[in-house]
Amino acid sequence: MTGVNEMLTFQKSPKSPNSPSNESEKSRKYDRQLRLWGEVGQFAIENSNICLINATALGTETLKSLVLPGLGSFTIVDNTKVTDEDIGNNFFLDSESLGKSRAMVATQLLLEMNSDVRGDFVEESVDSLLQANPSFFTNFSVVIATNVWNEKTVCKLSQLLWETNVPLLICYSYGFIGCIRLQIAEHTIIESHPDNFLEDLRLDKPFPELRAFFESNLNIENQTRKDLTHTPYLVLLFKYLKQWQQENNKADDCLPINYKEKAQLKALIKEAMNQFKQSKLWHSDENSVEKELELDNFEEAIKAVNTVLVPSNFIPSETKAILEHPSVSEVMNKKIKNMKFWLLVKSLKEFLANKSEGCLPVRGSLPDMTSDSDRYVKLQKIYSNKAKEDADAVQACLQEVCGTIGMSSEIVSDNTLKKFCKNAHFLRVHETSAFFSEFANEGEKSHHFVSKMRELVNSSDFNGDGTNDFIFYLMIRSVMRFVTLYSRFPGYCSDQVESDINTLKSCFKEFLSDFGLPPLSKDDYIHEMCRYGGCELHSISSFLGGCIAHEIIKLITSQYVPIKNTVIYNAMNSTTTTFDW
Amino acid sequence: MSIETNISFNNLRKILERNGPFCHSDFECGEAAFATLSQCKVLIVGSGGLGCELVKDLALMGFTNLHLIDMDVIELSNLNRQFLFRQKDIGKSKAEVAAKFINERIPGVKVTPYFNKIQDFGEDFYRSFHVIVCGLDSIVARRWMNGMVISLLEYEDSILDQSSIKPLIDGGTEGFKGSARVILPGITPCIECTLDLFPPQVNFPLCTIANTPRLPEHCIEYVRILQWPKEKPFGDIPLDGDEHTHVQWVYEKALERAQQYGIEGVTYRLTQGVIKHIIPAVASTNAVIAAACATEVFKLATSCCAPMNNSMMFNDVDGIYSHTYEAERNENCPACSNTPQDLFCSIDDKLETIINYLKESPKYQMHSPGITTAVDGKNKTLYIQSVASIEEKTRPNLKKTLRELGLENGQMLFVADVTSPNSFIFVLKIGNNLG
Numbered sequence: 001m002t003g004v005n006e007m008l009t010f011q012k013s014p015k016s017p018n019s020p021s022n023e024s025e026k027s028r029k030y031d032r033q034l035r036l037w038g039e040v041g042q043f044a045i046e047n048s049n050i051c052l053i054n055a056t057a058l059g060t061e062t063l064k065s066l067v068l069p070g071l072g073s074f075t076i077v078d079n080t081k082v083t084d085e086d087i088g089n090n091f092f093l094d095s096e097s098l099g100k101s102r103a104m105v106a107t108q109l110l111l112e113m114n115s116d117v118r119g120d121f122v123e124e125s126v127d128s129l130l131q132a133n134p135s136f137f138t139n140f141s142v143v144i145a146t147n148v149w150n151e152k153t154v155c156k157l158s159q160l161l162w163e164t165n166v167p168l169l170i171c172y173s174y175g176f177i178g179c180i181r182l183q184i185a186e187h188t189i190i191e192s193h194p195d196n197f198l199e200d201l202r203l204d205k206p207f208p209e210l211r212a213f214f215e216s217n218l219n220i221e222n223q224t225r226k227d228l229t230h231t232p233y234l235v236l237l238f239k240y241l242k243q244w245q246q247e248n249n250k251a252d253d254c255l256p257i258n259y260k261e262k263a264q265l266k267a268l269i270k271e272a273m274n275q276f277k278q279s280k281l282w283h284s285d286e287n288s289v290e291k292e293l294e295l296d297n298f299e300e301a302i303k304a305v306n307t308v309l310v311p312s313n314f315i316p317s318e319t320k321a322i323l324e325h326p327s328v329s330e331v332m333n334k335k336i337k338n339m340k341f342w343l344l345v346k347s348l349k350e351f352l353a354n355k356s357e358g359c360l361p362v363r364g365s366l367p368d369m370t371s372d373s374d375r376y377v378k379l380q381k382i383y384s385n386k387a388k389e390d391a392d393a394v395q396a397c398l399q400e401v402c403g404t405i406g407m408s409s410e411i412v413s414d415n416t417l418k419k420f421c422k423n424a425h426f427l428r429v430h431e432t433s434a435f436f437s438e439f440a441n442e443g444e445k446s447h448h449f450v451s452k453m454r455e456l457v458n459s460s461d462f463n464g465d466g467t468n469d470f471i472f473y474l475m476i477r478s479v480m481r482f483v484t485l486y487s488r489f490p491g492y493c494s495d496q497v498e499s500d501i502n503t504l505k506s507c508f509k510e511f512l513s514d515f516g517l518p519p520l521s522k523d524d525y526i527h528e529m530c531r532y533g534g535c536e537l538h539s540i541s542s543f544l545g546g547c548i549a550h551e552i553i554k555l556i557t558s559q560y561v562p563i564k565n566t567v568i569y570n571a572m573n574s575t576t577t578t579f580d581w
Numbered sequence: 001m002s003i004e005t006n007i008s009f010n011n012l013r014k015i016l017e018r019n020g021p022f023c024h025s026d027f028e029c030g031e032a033a034f035a036t037l038s039q040c041k042v043l044i045v046g047s048g049g050l051g052c053e054l055v056k057d058l059a060l061m062g063f064t065n066l067h068l069i070d071m072d073v074i075e076l077s078n079l080n081r082q083f084l085f086r087q088k089d090i091g092k093s094k095a096e097v098a099a100k101f102i103n104e105r106i107p108g109v110k111v112t113p114y115f116n117k118i119q120d121f122g123e124d125f126y127r128s129f130h131v132i133v134c135g136l137d138s139i140v141a142r143r144w145m146n147g148m149v150i151s152l153l154e155y156e157d158s159i160l161d162q163s164s165i166k167p168l169i170d171g172g173t174e175g176f177k178g179s180a181r182v183i184l185p186g187i188t189p190c191i192e193c194t195l196d197l198f199p200p201q202v203n204f205p206l207c208t209i210a211n212t213p214r215l216p217e218h219c220i221e222y223v224r225i226l227q228w229p230k231e232k233p234f235g236d237i238p239l240d241g242d243e244h245t246h247v248q249w250v251y252e253k254a255l256e257r258a259q260q261y262g263i264e265g266v267t268y269r270l271t272q273g274v275i276k277h278i279i280p281a282v283a284s285t286n287a288v289i290a291a292a293c294a295t296e297v298f299k300l301a302t303s304c305c306a307p308m309n310n311s312m313m314f315n316d317v318d319g320i321y322s323h324t325y326e327a328e329r330n331e332n333c334p335a336c337s338n339t340p341q342d343l344f345c346s347i348d349d350k351l352e353t354i355i356n357y358l359k360e361s362p363k364y365q366m367h368s369p370g371i372t373t374a375v376d377g378k379n380k381t382l383y384i385q386s387v388a389s390i391e392e393k394t395r396p397n398l399k400k401t402l403r404e405l406g407l408e409n410g411q412m413l414f415v416a417d418v419t420s421p422n423s424f425i426f427v428l429k430i431g432n433n434l435g
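Just so you know, the protein sequences line up as chains D and C, in that order. With full-length UniProt numbering applied, the first sequence corresponds to residues 1 to 581, in that order. With full-length UniProt numbering applied, the second sequence corresponds to residues 1 to 435, in that order.
Hints listed in this document are in silico derivations from the structure and should not be mistaken for laboratory results. You may find that some hints are simply not true.
Simulated crosslink set (BS3-like; lysine-lysine; CA at most 25 Å straight-line) [stated by the list, open to error]:
(1) D:K26 with C:K276
(2) D:K355 with D:K205
(3) D:K226 with D:K303
(4) D:K291 with C:K350
(5) D:K320 with D:K337
(6) D:K26 with C:K92
(7) D:K291 with D:K280
(8) D:K303 with D:K242
(9) C:K117 with C:K88
(10) C:K276 with C:K92
(11) D:K564 with C:K177
(12) D:K452 with D:K564
(13) C:K399 with D:K291
(14) C:K399 with C:K350
(15) D:K26 with C:K88
(16) D:K226 with D:K266
Pair ranges (Cβ atoms, derived) [as the list claims (entries may be wrong)]:
(17) C:L398 with D:L281: 31 to 41 Å
(18) C:E326 with D:M332: 48 to 58 Å
(19) D:I405 with C:N203: 48 to 58 Å
Chain C regions said to be covered by chain D (calculated; three or more residues, Cβ under 8 Å) [claimed, not checked]:
(20) 15-28
(21) 79-85
(22) 208-215
(23) 290-301
(24) 320-334
All figures in this text were calculated on a predicted structure; none of them were measured in a lab. Virtual Cβ for every residue (Gly too), placed ideally from N, Cα, C.
Work out the full structure: start from the sequences and follow the hints.
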């Protein structure tokens, strides 16, 4: 057996011991990223192993942005020797390395950057590894294939990793064009870290402790200027919401939904604010410090009408779809992918049905607002206690679910459960199509992919001036066809550019006719591909490498949301476009 | 160009020696286009997360005459992304270590380091470059560089001399977000044209910090601003965010205060973050933004493609998102419009009010403006903060009104600030509300 048995190990430095001083040094070294993905994310990164196929500039630039943040280990698969062209665009191949193993030199120079990281290399071709030892690839956290142009090779790899649910990134850097394709059967995300989100403050149906707090704070009419200006805007919103409901004969849990109703509520708050400003109490002689205090909290309340009045039973569409996902019932038959996640979803579903009248667990966080210390901290405690109470109820559901299938609920840690409840509004399940299905024979192609292709081609004006970077996906596919047929790049040699244009054109025509589409009349894109002649430009690869590295971090930390599923980078226009099929 | 090494630039040659249907109309493919790369003198400002990437990217895109300026030394927390630095380099000059690394790794490339502040150099220095790329984390430094390239512009009969234009490519990152822009001074929008893109720094009101704290940050700021100068725990020295014992002291005191109020969330990491205004940073975003900037330098130097017009935002939290758009020039820009600014005010406004306006207005966002004027052909200093003796002498002016200072409608004020190497000229328009 070849492959793993004969695998050369370049360097296996033992992980640094976990002495306290070492830990704090590490914590300082990784400080700027720990502020983003936290200790848990860092732990996941330090315990993952990545496989890179081909130590191209694209490949080493990707690994660079993984080695620096402290990746556990990487393995490079590459059976080629360093050429002078490689040295010209790859930072991790130095001028001494001509003729040496590309995998070896790249591994060595990448490891110089961070002694926490381990790296291995295998001097074999992907094809022979796939042939002799396919399980080699299935032991990695993520596999990334750079500039693998042969259709058969990439399909075989894609099929193998699809069936074993190992995430695969297939990436190309070609002239001014880049392409990143993610393939993953199922990826579950608890912490998606959305940039924008709706607050979860339950003003329509305050739970008893929250209602009690509001009611004991409603009497603001006789407050001193100091107390009034420091009343949290949530209290004001609640107070005037009640007034709005009464004046408009609305039910006790009704929120203003349209522009007109929201404007009514805003007007009520504005009016109250003006009245306060004219009141005697407002102008009664107080010390000069207090005279400077303004009703910022009323302004905040007016703004918040648009952002915090969310129905308590609101469930975002992504979470809704997850609750209806087939895996929720399949989890009861055990042994499915991402078991812990689906157990939690099943428990959440039970919680919604039986314990919370359809409201997701309270998130427990309070946005910042003008307030005195006492009332803000009290409010914060009220929300966080309720979040804890809801998490306990979900925990009870989990015990029941696990009991039914004869499992221990300890499989899910308390921390994971808490995090899951806190992020119930932001859950994501990421499923892409299989890459190899894009290459299936006519009739076997997925219906979705075929119709998406037709739609994209028909809606694009490739023959005119309208630009749609989807054309570059078609071009990459045509180049793959060309390389598969002729084992070289179109336009690689200067004297063949003209003749290759015609050959590439027929590859493209063939590709289109597979989808029942007519050929394009304009040759500009074909010409441009032949002009590139397979060249890889460093800054294009560096841009893509940064993007790919972060996609890998998303996959191994289960934080943030990966691409779905193809991204085209057009460096001529400095644009990226995402396509999903 | 001939370098006696094993490097082949065949990849670049394909792009530069062949014409294509999408090339810029000015592009002349051939050996000359390739030779341009070694003739082009590029200045990289900042040798941090972006700068390390930029110098590598440009060297491997065929540029051989690179200059790198940075006043900082290497710290441990740089190593998660500034890949040209190692543990053993901590404390050394960023520019010098980065330059040495590239010079040794890539034969034929010469990186010249400057262990300096950008303000150490004047117009002649900056004029000697063909292109300037900024990879800075400081907005003040960015604005200063912007002011510098604008001051290099030459006008004849108010027609801009094209040869005086120094393209400025500016990159910035914060966490998983980044931006890149191409500035052709005097032609496309400059940093000051779109200053409102930078949100003013969050400062908590002193009364909140002192009387009604509600966030862990309020407790940390209380210790930093009020307790440190009062208690002088380590003698009469300023608080150093890199000194563990200092941060630890602030952390413990802030924790004490937080407990008094029942506030949760004061940690050592947060304490240091607040003291040092730390911006989170990862290797990947820096790689992306630096590469986008380097590609633009390549386009400008070779004319092989039209440069980006003119800005790009990037964010890869949810998928890979980028938005390329044409920012618009501010026809009344204080920096690049080449015309004095109207300052609408009342004769009874105090000088202090005017100064606060210059600091707080989103359009100007100055830090410590100093104002001079001319009376009867003589220069008169109204207020300058930067020199202690002058500050003391001119401080009484702050409380005086324009009338008391003898200023008139149409009078010119010259305003200097750290955000620009040049003073701005304002014309008083008296009889209005401040604006």
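Now for the hints, and whether the structure bears them out:
{"no.": "1", "hint": "D:K26 with C:K276", "in the structure": "holds (19 Å)"}
{"no.": "2", "hint": "D:K355 with D:K205", "in the structure": "holds (15 Å)"}
{"no.": "3", "hint": "D:K226 with D:K303", "in the structure": "holds (22 Å)"}
{"no.": "4", "hint": "D:K291 with C:K350", "in the structure": "holds (22 Å)"}
{"no.": "5", "hint": "D:K320 with D:K337", "in the structure": "holds (20 Å)"}
{"no.": "6", "hint": "D:K26 with C:K92", "in the structure": "holds (20 Å)"}
{"no.": "7", "hint": "D:K291 with D:K280", "in the structure": "holds (13 Å)"}
{"no.": "8", "hint": "D:K303 with D:K242", "in the structure": "holds (18 Å)"}
{"no.": "9", "hint": "C:K117 with C:K88", "in the structure": "holds (24 Å)"}
{"no.": "10", "hint": "C:K276 with C:K92", "in the structure": "holds (20 Å)"}
{"no.": "11", "hint": "D:K564 with C:K177", "in the structure": "holds (19 Å)"}
{"no.": "12", "hint": "D:K452 with D:K564", "in the structure": "holds (14 Å)"}
{"no.": "13", "hint": "C:K399 with D:K291", "in the structure": "holds (22 Å)"}
{"no.": "14", "hint": "C:K399 with C:K350", "in the structure": "holds (6 Å)"}
{"no.": "15", "hint": "D:K26 with C:K88", "in the structure": "holds (15 Å)"}
{"no.": "16", "hint": "D:K226 with D:K266", "in the structure": "holds (23 Å)"}
{"no.": "17", "hint": "C:L398 with D:L281: 31 to 41 Å", "in the structure": "holds (35 Å)"}
{"no.": "18", "hint": "C:E326 with D:M332: 48 to 58 Å", "in the structure": "holds (55 Å)"}
{"no.": "19", "hint": "D:I405 with C:N203: 48 to 58 Å", "in the structure": "holds (55 Å)"}
{"no.": "20", "hint": "15-28", "in the structure": "holds (count 7)"}
{"no.": "21", "hint": "79-85", "in the structure": "holds (count 4)"}
{"no.": "22", "hint": "208-215", "in the structure": "holds (count 4)"}
{"no.": "23", "hint": "290-301", "in the structure": "holds (count 7)"}
{"no.": "24", "hint": "320-334", "in the structure": "holds (count 4)"}
Checked against the numbered hints above, the structure breaks none of them.
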